[in-house]
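Novice: Given next are the chains, with one letter for each unit.
Protein chains: 2
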Amino acid sequence: MKKLINDPNQVVNDMLEGMIAAYRNRVRRLPGTNVMVRNDAPVKGKVGIVSGGGSGHEPAHAGYVGKGMLDAAVCGEVFTSPTPDQVLEAIKAVDSGKGVLLIIKNYTGDVMNFEMAAELAEAEGIRVAKVIVNDDVAVEDSTFTTGRRGIAGTVFVHKIAGALSERGASLEEVEAAAKKVVQNVRSMGMALTPCTVPAAGKPGFELGENEIEVGIGIHGEPGIEKTTIKTADEIAETLLDKIFDDMKLEKGDRVAVMINGLGATPLMELYIVNKKVSEMLKEKQIHVHETFVGEYMTSLEMAGCSISLLKLDDSLIELLDAPADTIALKK
Amino acid sequence: MKKLINDPNQVVNDMLEGMIAAYRNRVRRLPGTNVMVRNDAPVKGKVGIVSGGGSGHEPAHAGYVGKGMLDAAVCGEVFTSPTPDQVLEAIKAVDSGKGVLLIIKNYTGDVMNFEMAAELAEAEGIRVAKVIVNDDVAVEDSTFTTGRRGIAGTVFVHKIAGALSERGASLEEVEAAAKKVVQNVRSMGMALTPCTVPAAGKPGFELGENEIEVGIGIHGEPGIEKTTIKTADEIAETLLDKIFDDMKLEKGDRVAVMINGLGATPLMELYIVNKKVSEMLKEKQIHVHETFVGEYMTSLEMAGCSISLLKLDDSLIELLDAPADTIALKK
Numbered sequence: 001m002k003k004l005i006n007d008p009n010q011v012v013n014d015m016l017e018g019m020i021a022a023y024r025n026r027v028r029r030l031p032g033t034n035v036m037v038r039n040d041a042p043v044k045g046k047v048g049i050v051s052g053g054g055s056g057h058e059p060a061h062a063g064y065v066g067k068g069m070l071d072a073a074v075c076g077e078v079f080t081s082p083t084p085d086q087v088l089e090a091i092k093a094v095d096s097g098k099g100v101l102l103i104i105k106n107y108t109g110d111v112m113n114f115e116m117a118a119e120l121a122e123a124e125g126i127r128v129a130k131v132i133v134n135d136d137v138a139v140e141d142s143t144f145t146t147g148r149r150g151i152a153g154t155v156f157v158h159k160i161a162g163a164l165s166e167r168g169a170s171l172e173e174v175e176a177a178a179k180k181v182v183q184n185v186r187s188m189g190m191a192l193t194p195c196t197v198p199a200a201g202k203p204g205f206e207l208g209e210n211e212i213e214v215g216i217g218i219h220g221e222p223g224i225e226k227t228t229i230k231t232a233d234e235i236a237e238t239l240l241d242k243i244f245d246d247m248k249l250e251k252g253d254r255v256a257v258m259i260n261g262l263g264a265t266p267l268m269e270l271y272i273v274n275k276k277v278s279e280m281l282k283e284k285q286i287h288v289h290e291t292f293v294g295e296y297m298t299s300l301e302m303a304g305c306s307i308s309l310l311k312l313d314d315s316l317i318e319l320l321d322a323p324a325d326t327i328a329l330k331k
Numbered sequence: 001m002k003k004l005i006n007d008p009n010q011v012v013n014d015m016l017e018g019m020i021a022a023y024r025n026r027v028r029r030l031p032g033t034n035v036m037v038r039n040d041a042p043v044k045g046k047v048g049i050v051s052g053g054g055s056g057h058e059p060a061h062a063g064y065v066g067k068g069m070l071d072a073a074v075c076g077e078v079f080t081s082p083t084p085d086q087v088l089e090a091i092k093a094v095d096s097g098k099g100v101l102l103i104i105k106n107y108t109g110d111v112m113n114f115e116m117a118a119e120l121a122e123a124e125g126i127r128v129a130k131v132i133v134n135d136d137v138a139v140e141d142s143t144f145t146t147g148r149r150g151i152a153g154t155v156f157v158h159k160i161a162g163a164l165s166e167r168g169a170s171l172e173e174v175e176a177a178a179k180k181v182v183q184n185v186r187s188m189g190m191a192l193t194p195c196t197v198p199a200a201g202k203p204g205f206e207l208g209e210n211e212i213e214v215g216i217g218i219h220g221e222p223g224i225e226k227t228t229i230k231t232a233d234e235i236a237e238t239l240l241d242k243i244f245d246d247m248k249l250e251k252g253d254r255v256a257v258m259i260n261g262l263g264a265t266p267l268m269e270l271y272i273v274n275k276k277v278s279e280m281l282k283e284k285q286i287h288v289h290e291t292f293v294g295e296y297m298t299s300l301e302m303a304g305c306s307i308s309l310l311k312l313d314d315s316l317i318e319l320l321d322a323p324a325d326t327i328a329l330k331k
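These protein sequence lines are chains U and H, in that order.
Start counting the first sequence at 1; every next residue gets the next number (full-length UniProt numbering).
Start counting the second sequence at 1; every next residue gets the next number (full-length UniProt numbering).
Don't take each hint at face value.
Any copy, or any two copies together, can satisfy a pair, since identical chains are not distinguished.
Unchecked claim - Below, in silico cross-link-like pairs of lysine-lysine (DSSO-like), each with a Cα-Cα straight-line distance of 30 Å or less:
| # | residue 1 | residue 2 |
| --- | --- | --- |
| 1 | Lys330 | Lys67 |
| 2 | Lys202 | Lys44 |
| 3 | Lys311 | Lys331 |
| 4 | Lys67 | Lys282 |
| 5 | Lys282 | Lys2 |
| 6 | Lys202 | Lys2 |
Simulated from the structure, these hints should not be mistaken for lab results.
Just need the whole structure built from these sequences, with the hints factored in.
Specialist: Structure representation (structure tokens):
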């Protein structure tokens, strides 16, 4: 295992310290926790937005803490759900009295721990709403999940919910907007190489020299099939066709596109994937309102990508276009 | 070679098409060239800023085309200098009559071809100034370079020169500011893994299972030494000490820091490196004005990082803080 780390069991702590050192004008760490909070939280008159999950998916989620997106991110150990007490601390730190929305990727551990924290917070008199993101169309049920997994489409939920909350919308309104995103976003990914959890010291799965895995999860959970490497065009087609199968898109519809790198994929290759994706959407006469190409939700040093489509209407477009000022996404 | 590509000989074309598909509201491609130009070029009353070099370093340089940074980027084949005719096209496309500054990373081929283009442009009556960036303190003279190499510190030159040019400064003023950045920026990198140029099909060099290379160039040019993997703290110390040796920094000085990923390094690891870098600067009582952590100048899928320090004064701070609206850097 070759990594730029010190102690494999301290990577999350060291990372958060390095983040704070770089961005102390934006975020702070709640003492004794792995919770990153925007400096001005709780923001008066604003619904608090909390997300999080296992670490190793950077910039998700702490990179999205800031104006227009999240108020706090709860950072678990690598590929490990954060504990309920840490989620509770995040909720308490961002509640201004208007309630808190939890944005949870659909993994059994995350759902359980965030729900437990929600109950604890409600017992303390804080109103909490939850939205569970399950955008990955690859497989039903998986290693750590009942139902579909939550992957990079989650970033769109952060963006839309965050934008609406900045406008002073109620908890019910923010929750409804977040759920609308979940209903309209679909993703699918593939990997060229595995990744290694530092504390484990060896790759979580194996791929042959010319082998890729289609439909893989962001923790290396099994996908649909292992196959020999194909062209970028063929891979884009495989992923997008599966998304189209699951999503009612018609001529004239508007979408946002995310071509997400999983950690070790050169930006060059993501652009090459986007070439095909944009051609396929053009052929279907689907209008691309905005394209995001980069690393938005990674899997340590896994090579590969995911494609997400978010079907838009006027109100989602307005919220997608609204300002955001976070470490990883600025508009 | 596992890559998300189609034809290894078409990667630059396919990438640029994918970029245009994503960002046609920002940039356009000059017909028949690999030159990316901001949509509103030439900008009246503004010195044009042109950079570029071999591809494979994305987001450099096309990702920095836009308001506040570059007016055009000339994209060579992978790790190959762009030809003089393409640089000339870029110069002609961005000159508004106020002249054009070329920002050139110090590689023999780049310097030769940009200088030839400058002569051709001058013959056509366009005023051209040049600045050569040689921030890499690792080695004097290298595989493709006489003198020191230009690496990630180049992005600071883009930022400062671009900001000043937006204010309507003269060619001489913009050139002087760019040269001031070059005098005050130092960088050094290291690699955990090699990378593969698509058309070559195999890695440009080799590293053993526990081996790293310190002082490597962004094309895999030899560094100072191959050594066994060390901790992130030790690696940060090695790189930063070499930078300190070369740079007069005193208690109370102000710097900008860039922790740059080379393509396959998880953001988590870059933050871990920054933890140590910030501690070392604090110990020397050097004030960090701003820290940039991410992928700014990569080497395809090479794992590793570089560290850059830019010594600041009031005027550089003002220009560093000025707005920028590009694909890869927004302020």
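Novice: Taking the hints in turn, state whether each one holds.
Specialist: Hint-by-hint comparison with the structure:
| no. | hint | in the structure |
| --- | --- | --- |
| 1 | Lys330 - Lys67 | both (9 Å within a copy, 15 Å between copies) |
| 2 | Lys202 - Lys44 | neither (46 Å within a copy, 56 Å between copies) |
| 3 | Lys311 - Lys331 | both (20 Å within a copy, 28 Å between copies) |
| 4 | Lys67 - Lys282 | between (33 Å within a copy, 28 Å between copies) |
| 5 | Lys282 - Lys2 | between (42 Å within a copy, 28 Å between copies) |
| 6 | Lys202 - Lys2 | both (10 Å within a copy, 20 Å between copies) |
Checked against the numbered hints above, the structure breaks only hint 2 and satisfies the rest.
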